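Student: Sequence:
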Amino acid sequence: MRSLLLLLLLTAVSISTLMAAEADDEAALLAFKVAAINGGHGDPLASWNRSSALGFCSWEGVRCEGSHRRVVELSLPCYGLIGNLFSAIGNLTFLRTLNLISNWLQSSIPESIGCLASLQKLNLSYNTFSGPLPANLSSCVSLLYMDISSNRLHGRIPVELGHKLTSLQTLSLRNNSLTGAIPASLSNMSSLYYLNLGTNQIEGAIPPELGRIGGLRGLDLSGNKLSGVLPHSLYNLSMLTGFLVYRNLLSGTIPADIGNRLPNIEFINFSSNLSALSTLALNDNNLSGYVPSTLGRLQGLIGLYLSNNKLETKDSLVPVGKPLLSQFPNRNRQSGTKGPHL
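Note that the sequence shown covers residues -20 to -1, 1 to 322 in mature numbering (1 follows the signal peptide of the UniProt record, and there is no 0).
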């Protein structure tokens, strides 16, 4: 009899706990809605109300899983949300995907996002978030994908990100107003295959430690204030297919073996080895010396950007009576002031 009473008690406690958890998720979503549509016209989240027959799990952009009915995904791209991202978002503790791309969300990114230990995908790109990048995003240790590009963030990139987000595969902070140096700690992101810090105000030297991210396939550091020479360690990134560093203050020479070092490169903007290279963009730096003769072996080269440097060509690079560009049968153009992007 006592065992039966104990079982009934435990069942009642379990049901009560689940109901409380569901109520917490619903309350967090409603608080998110109030803040996100504040100041806008109409109600882009009209389906979000307690009268829904199937509850909050049926609300537009919301996905739940399991018998516990916990929110695991909140995806509202291009919904015209114009308010703030409320701190209650941190109460959705089972959330794995938060996708709010292409809205007009403003103010700062709430530090409560750091409470989302299960979060795997975070996309806040193309909004108007301002303020610093919260250091406690590093507490989202399950993150695989983080894109906060095209906002108005400023301040330094927190070193903590590199220390804790070691499973991250994609990190894009492009087109903000970030300053300071590139943290060497980013080299701890051993699973990273795409890193985009382009179009910011980042300065200083490129840390040679980045050359330790062996699986890196895309690296965009263009449009910053980076100075010094390109670290030779970056030529060890044999998996690179895209490499952009144009529009910086880099100096030094182009390596003579540029056509041999990066066998998988398809899209490059300043440096290294590319038997499959299709675009080479080194424009708008302070590069000097000679254009390497090995460039003439890149028969797949389509775009070549070398303008606004101090480069020279040796006579041996170009056969007598044959212009340089004629060696690249697929070319589109030799120079340009804008340059490509990943």
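Think of the hints as simulated: they come from the structure by calculation, not from any bench.
Given the structure is predicted, the values throughout are model-derived calculations rather than measurements.
Mixed in with the good hints, there may be bad ones.
No more than 30 Å apart at the CA atoms, straight line, and that leaves these computed lysine-lysine pairs for DSSO-like [to be verified]:
(1) 144 to 101
(2) 205 to 290
(3) 205 to 144
Student: So, for every hint listed, does it hold in this structure?
Tutor: Each hint, compared with the structure:
1. 144 to 101: OK: residue 144 and residue 101 at ~16 Å, within 30 Å.
2. 205 to 290: Answer holds: residue 205 to residue 290 is near 18 Å, not above 30 Å.
3. 205 to 144: holds (27 Å)
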